[in-house]
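J.: Letter by letter, the chains look like this.
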Amino acid sequence: MTAGHAIPEPAAGAGGMEPADLARYAAAAAAATDPERCLEPATAAFGDMRQLLLAGDRRAADGANLAVQDHCLALCASEAASARASDDKVRFLAIMLGWAWPRVPAVGAVLEAAMVAEVARWGQAVEGLG
Amino acid sequence: MTGWDHSDGCSNIPPADRVEAYRRACTRPPVGLQVAQLSADLAALSALTARNSPLARGAALAVAHGALKLAVTPVADADDRDRRSAVLRESVLPALLGVGLGHTLGLVDAALAHDGDPARLGRGVETRQ
Numbered sequence: 000m001t002a003g004h005a006i007p008e009p010a011a012g013a014g015g016m017e018p019a020d021l022a023r024y025a026a027a028a029a030a031a032t033d034p035e036r037c038l039e040p041a042t043a044a045f046g047d048m049r050q051l052l053l054a055g056d057r058r059a060a061d062g063a064n065l066a067v068q069d070h071c072l073a074l075c076a077s078e079a080a081s082a083r084a085s086d087d088k089v090r091f092l093a094i095m096l097g098w099a100w101p102r103v104p105a106v107g108a109v110l111e112a113a114m115v116a117e118v119a120r121w122g123q124a125v126e127g128l129g
Numbered sequence: 000m001t002g003w004d005h006s007d008g009c010s011n012i013p014p015a016d017r018v019e020a021y022r023r024a025c026t027r028p029p030v031g032l033q034v035a036q037l038s039a040d041l042a043a044l045s046a047l048t049a050r051n052s053p054l055a056r057g058a059a060l061a062v063a064h065g066a067l068k069l070a071v072t073p074v075a076d077a078d079d080r081d082r083r084s085a086v087l088r089e090s091v092l093p094a095l096l097g098v099g100l101g102h103t104l105g106l107v108d109a110a111l112a113h114d115g116d117p118a119r120l121g122r123g124v125e126t127r128q
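Chains as they are written, first to last, in numbering that gives the first Met the number 0: chain U, 0 to 129; chain W, 0 to 128.
The set of hints was computed from the structure by calculation and includes no laboratory data. There's no promise every hint is true.
Said to hold, decoys possible - Not the full set, but computed from the structure, chain U residues with beta-carbon under 7 angstroms of chain W:
1) 16
2) 105
3) 108
Backbone N, C-alpha and C define an ideal beta-carbon position, used for all residues, glycine too.
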């Protein structure tokens, strides 16, 4: 562990935020209360990836694959706000886990840990996944 | 569950601008750039929290998302790996614990458990077997 690489504590009142940053934060906050905002772009990117693979555009397919991963990681970053949202989240992550693992083990590990955490948090296994 | 399209046709190729965007972003940014973005998001989180802004929650989630992306990014060498671990463990995770996103700790640990797995370095999309 090299402490010299740590991020310095931000100064009190530090700002410098760009409008794009504020929009990004607003989108992240909205997605946390409505998982559909993560699921829909993730499924769209997944569809794009499949089409690009079929079309033989490997480079673009890699980019779409990264977009799928990032949407899934955004979903993992927030905790579901309801049992229904948790159920949707876990079902979606289970589907994506089948794709991510073993191609990108670290992403698969995050998805799996997020599923376990959601189930533990809401105290019920998701039907069909037990 | 929303929006799964099980068609196997090639008639739904994404628009050209989206394809181009995918081509431009076909690999993750290097660790150094991601650390800089995380630093900016952490500063924003601090500033927004001090202002009691409703966007503080979004900034916290952006930090959590950035931490996960960094944790799954393949490292080029041992120095990158040390830098990544130091940033995540000494700066990002304490900040997330402070804003009620402690569950991210387990997710980051799950990703970092794959450190040193050479099989994941440089891997992209593979066709299903």
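J.: Can residue 105 of chain U be said to touch chain W, with a Cβ gap under 7 angstroms?
T.: holds, 4 angstroms
J.: Taking 7 angstroms as the limit, does the beta-carbon of residue 108 of chain U come near enough to a beta-carbon in chain W?
T.: Holds - the Cβ of residue 108 of chain U comes within 7 angstroms of chain W, reaching about 4 angstroms at its closest.
J.: Just to be careful: measuring from the Cβ of residue 16 of chain U to every Cβ in chain W, is the smallest value less than 7 angstroms?
T.: Interface hint status for residue 16 of chain U: holds (5 angstroms vs cutoff 7 angstroms).
Hint compliance for this structure: every hint is met.
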